[in-house]
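4 protein chains.
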Amino acid sequence: MSTPQQDELRVAVVGAGRMGSDHVDRLAHHTLRTRVSAVVDVDVERAGTVAANAGGAEVLSSVDELLASGIADAVVLATPGFLHEEALLKIIDAGLPVLCEKPLTPDPESALRVVEAEVAAGRQLIQVGFMRRFDAGYRRLKETIDSAELGELLMLHHQHRNPEAPAEFTDEMVIHDSVVHEFDAVRYFTGEEITNVSVRIGRTTSRAGTVRDPQHVTVQTQSGLLADVEIFVNAQIGYQVHTQATFENGLVKIGEGSEFELTTAGRSGHEIDAGFVTRFRDAYDLEVQQWVDATLHGRIDGPSAWDGYATAACCAAGVAAQRNGTIEHVELAPKPSFYSSHTGSPALT
Amino acid sequence: MSTPQQDELRVAVVGAGRMGSDHVDRLAHHTLRTRVSAVVDVDVERAGTVAANAGGAEVLSSVDELLASGIADAVVLATPGFLHEEALLKIIDAGLPVLCEKPLTPDPESALRVVEAEVAAGRQLIQVGFMRRFDAGYRRLKETIDSAELGELLMLHHQHRNPEAPAEFTDEMVIHDSVVHEFDAVRYFTGEEITNVSVRIGRTTSRAGTVRDPQHVTVQTQSGLLADVEIFVNAQIGYQVHTQATFENGLVKIGEGSEFELTTAGRSGHEIDAGFVTRFRDAYDLEVQQWVDATLHGRIDGPSAWDGYATAACCAAGVAAQRNGTIEHVELAPKPSFYSSHTGSPALT
Amino acid sequence: MSTPQQDELRVAVVGAGRMGSDHVDRLAHHTLRTRVSAVVDVDVERAGTVAANAGGAEVLSSVDELLASGIADAVVLATPGFLHEEALLKIIDAGLPVLCEKPLTPDPESALRVVEAEVAAGRQLIQVGFMRRFDAGYRRLKETIDSAELGELLMLHHQHRNPEAPAEFTDEMVIHDSVVHEFDAVRYFTGEEITNVSVRIGRTTSRAGTVRDPQHVTVQTQSGLLADVEIFVNAQIGYQVHTQATFENGLVKIGEGSEFELTTAGRSGHEIDAGFVTRFRDAYDLEVQQWVDATLHGRIDGPSAWDGYATAACCAAGVAAQRNGTIEHVELAPKPSFYSSHTGSPALT
Amino acid sequence: MSTPQQDELRVAVVGAGRMGSDHVDRLAHHTLRTRVSAVVDVDVERAGTVAANAGGAEVLSSVDELLASGIADAVVLATPGFLHEEALLKIIDAGLPVLCEKPLTPDPESALRVVEAEVAAGRQLIQVGFMRRFDAGYRRLKETIDSAELGELLMLHHQHRNPEAPAEFTDEMVIHDSVVHEFDAVRYFTGEEITNVSVRIGRTTSRAGTVRDPQHVTVQTQSGLLADVEIFVNAQIGYQVHTQATFENGLVKIGEGSEFELTTAGRSGHEIDAGFVTRFRDAYDLEVQQWVDATLHGRIDGPSAWDGYATAACCAAGVAAQRNGTIEHVELAPKPSFYSSHTGSPALT
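For the record, the sequence lines run as chains R, H, X and P. Numbering of the first sequence is given in this note's numbering, commencing with residue 1 and proceeding in unit increments. Numbering of the second sequence is given in this note's numbering, commencing with residue 1 and proceeding in unit increments. Numbering of the third sequence is given in this note's numbering, commencing with residue 1 and proceeding in unit increments. Numbering of the fourth sequence is given in this note's numbering, commencing with residue 1 and proceeding in unit increments.
Excised from the complex, chain R in its bound form:
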């Protein structure tokens, strides 16, 4: 084993709650070219527990302390939204790039102050955590819109369903916590700002507490495009986020049943991969990553040499069967006990 050569990004994660600890795990164990240099939380004990999952990460109690320490090249900000403005202004002042979980801040006035601070700083430092822009289906739809391959985009229909909302969920949270993702999606797909919003509420489910649910939100963009959102946070059926885009010459659906469904004249359906490279890309990546990790621990837990031998015997029998038109028996040497503890079945991740 060796010491790696290339540069790595030292990232401090501020906020050690659910999203923060998820990001620590992701950065430490599933992201290339980075490591977690610090976990920051006023609850230092919580920060310590999370940091323990990230090797040599230091534990700090405040953004001030972090910025004074100089141990981070960049920050992931995962505190509650009402604390974002103060932290962001300090981070901007320190000139550090920051991945800020949504929302940027809870209201447009404070958000605008952050924007103004960033503009004053003279370079972009902030990325906001609208993760849907990184989903394969959203990207394919965005690409389809931008390419104009189905003509101009005419209409968007969004459905956003959660299995159930917490008891304390409010009408305001429907907008701020859930519909906000659809606002960003409309802006992402169209490349335009939203110019107006309306909300209608009809029958509501008996399963909701104080929140009125479902609600029907309609927005319009600068060029006049209408997008509507069915938001239903107690839908029971699971988590489903679906968008249907209507174009001049066809439809695209994402997020329902399959990643990307295309409808053109006379036909609706799914795409078929062009080859094994795209079909099994994730499988190849996982195969190699798991092999590397098992090998670092002195183990082999994928398909074994025995699997290679047994399939070679099947192939030989298969070619004979092809030639002779018979049922060919596959004869194997006795299986060494050596292989018996080995499953050949890598753990599900």
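The hints are simulated quantities; they were obtained by calculation from the structure and are not laboratory data. Because the structure is a prediction, the values reported are computed rather than measured. Any given hint might turn out to be false.
Copies of the same chain are indistinguishable here, so a pair counts whether it falls within one copy or spans any two.
Listed next, the in silico DMTMM-like pairs over lysine to aspartate or glutamate satisfying Cα-Cα at most 20 Å (straight line) [stated by the list, open to error]:
no., residue 1, residue 2
1, Lys-335, Asp-64
2, Lys-90, Glu-109
3, Lys-335, Glu-192
4, Lys-335, Asp-107
Knowing the structure of chain R, use the given hints to seat chains H, X and P on it.
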């Protein structure tokens, strides 16, 4: 930026053809806790081109040279199959772990010699590149079989389609290059060896050259389970690898239309995610990886602070619309030119 | 052949245009217990052509003439909508049942006059041609709503797409000719009246002429339920009429991909028939109807005795194969030329 | 009401068991241009009960009695298969057309005697009840094969699943009662005879009694085409009859999820109707049939004049909303109690 601390696996890739260069790229740029320490090929020029994509990788011309150098902790073997036996015996002798692209070797006799050498070496060193075992659908089906949640597995039906085969493809290659994956899949799903194989060939496509295509292969496992394979290497429609498993109490289909389709009494269909963590897991991972990489290059190319501000303004309008039952206009401050070159639309990978 | 005994309904079809001639064909050749006794149109030549397709139907030029003749027990009214009021008032006055193609009349004032006339007549005589209420998917959804098996209905989303509209199509026709079906569907599903309507129009397709297309219509019913309609009459993709119903405990979709798609907790998909009686009901009906009709013409054009013989030989070979584990050859007697002109493949209807 | 004019086929149904009584009901109430003139069964009481559902049908106890009576123009034969030969020979001798439920006879020797008798009679009289040839999906697939629009047919894969088989089901019945339909389907699709059959049996379900289940049947046709059948008569999931046809240039699936699924290069999916005439053909037919039947009973049970009025009011509001951009209220006159008992919701059939 800093120098990382944790151990890394130094991997040599032997064979700089298509699969070898893919593995170099994967190891160098998409796999954690590893780096490519050497690229080995008798065609040193080709090895050099591939190594250039992997930072400090050395270029070597033979396995002997590699093993003498001591610069690799493990090997990925990606030469043509007929060269595997000799290389594997040397690598086993050197005690290095090896990820060997399929086939282990082209025939059962040589494969058994490799198995015997590994057994003699006293510990497992070889993993064979049956990458399907790492595909999400295959894993879900394996898990369903092992859990017996649908009762005992009774029957497997496989369909393997390639868009078209090279002109020189032969009947033997149908078995050795294509059906071999189904042999391994049957062994993986059942945890049993295959005991017999038969092949029937009926009408063949006019699109094939000398190969008879399609073919219908049937295998049986130790407990008597039948699995049949429709193999069609000039199917025109694309690359499609589909398995249907029949259980005592239901059916599962993988690879056709969706990752995992379940049929139980009276109903057939797809699953819905339980929450955003599973639904958007890949999106979160990609978001963070792209942010890390852009930040290492001094850039921000995901959703910007402006996106955060604009959605906050939409939310404020949304809450007002909810309360007033009106169409609320969204008023934004003038957009600083600062943000104008920024697309907020990360590149498709 | 014999003369039938049971009573038949003598129906006059008024209006010999597209819908009228379709109804004449349907009544004369595809409907039980009825016959077309008259075809009525001011264009007597057109009426004559249509009547020729209906055996002994008389040709008349006006509703007055029809009512004076006494040759109809009931009327199908298929003239343009603006002519409906006058005809309906006369038919009500004559006490005849009438199936009136939609619309009842083009505006609510005249429609109310017709309602008042029917009420004054003391019994129901008019059925309006909202044919969707007879579609299997619409009925299944109605049944699901009424049974409350998925809890209360909370929201309806309708999509109505035509491949393209005539050049002269107008905004008003979007409502009167297309959305009218969705208005009726909402009333049918909910059993409630619609209390308000709004329409929003955003980007419009370059393919439309003077009509603004698509449009987004929202209605609300007496209990507050919201239903929205995406109407797009130049959608290019074909004719697609889709409704999605959101319930407290699940979703139902009709008209898109399959007749009836159900989503409940964790799962989305299609139903499987309980047995061959439901699966092949239409096939049995068609089999017998085509056999009757062929027999009346002295022909047999379904599966022949030879088909019965050949399958019996296959079954005998199958049972032997089952017993012996061999490939059993099927030996047939020479096929009499007698059967050679016979296809066993009934014409598509 | 009147007495109809056109000729009708007088049909005798022989055998008053399940299939026989179904056919009586179908002929008497759902088939045009025919009536049931006699029901024949050795169990005269059973025949009488069934005949009561068919108006003026006479009750007879034997085929001899039937043929002597001269009251039938044609026969539907629905006795158990082992009784078919004797009855068919008599019916052929009498020169009557007969729709014979499958099987023609239970074994090839007796079936050939029937064929020979028909040939000797000099004209075709027998149609065998392979009802699948009348199913829309089967017809579409047959049409696709015959048109060669996807190139030559290369392979057929059939799946036949019953929810569960009777306890007394045997291996022989798997072939004679279930697979026989697939034998006919292969012959129908290809227009060729089957030349060999093989059967393999692997793991069997614990849910079956003495029958081995599932079984895997392979047949080959005259030109060499291979078709295989997965037959599983205790599949639990419901009744599912699926065929997949592999062509040189694409795939077609029938019977699984949708009526007809097409896969061509790069794409898999469903078709969209060209217009409302095809989309709602069944609905139109049912609308008119139910209106005729309700009218014969002096009732109206479809959409009423009130429905026509209420939708006209919605349309007027919709056009105003379109023009004004407002939420327009729909004002209706008070609903006459006259309409209140009326559901507008025709019974499901």
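Review point. When no copy is specified for Lys-335 and Glu-192, does a C-alpha distance of 20 Å or less occur within a copy, between copies, both, or neither?
Key: between (65 Å within a copy, 12 Å between copies)
Exercise for review: Evaluate Lys-335 and Asp-107 at a C-alpha cut-off of 20 Å and name the case that applies: within, between, both or neither.
Suggested key: between (67 Å within a copy, 17 Å between copies)
Practice item. Go through the copies and call it for Lys-90 and Glu-109: within, between, both or neither, with a Cα cutoff of 20 Å. Key: within (18 Å within a copy, 68 Å between copies)
Review point. When no copy is named, should Lys-335 and Asp-64 be tagged within, between, both, or neither for a Cα gap of at most 20 Å?
Key: neither (63 Å within a copy, 30 Å between copies)
Hint 1 alone, counting from the list given before, is not met by this structure.
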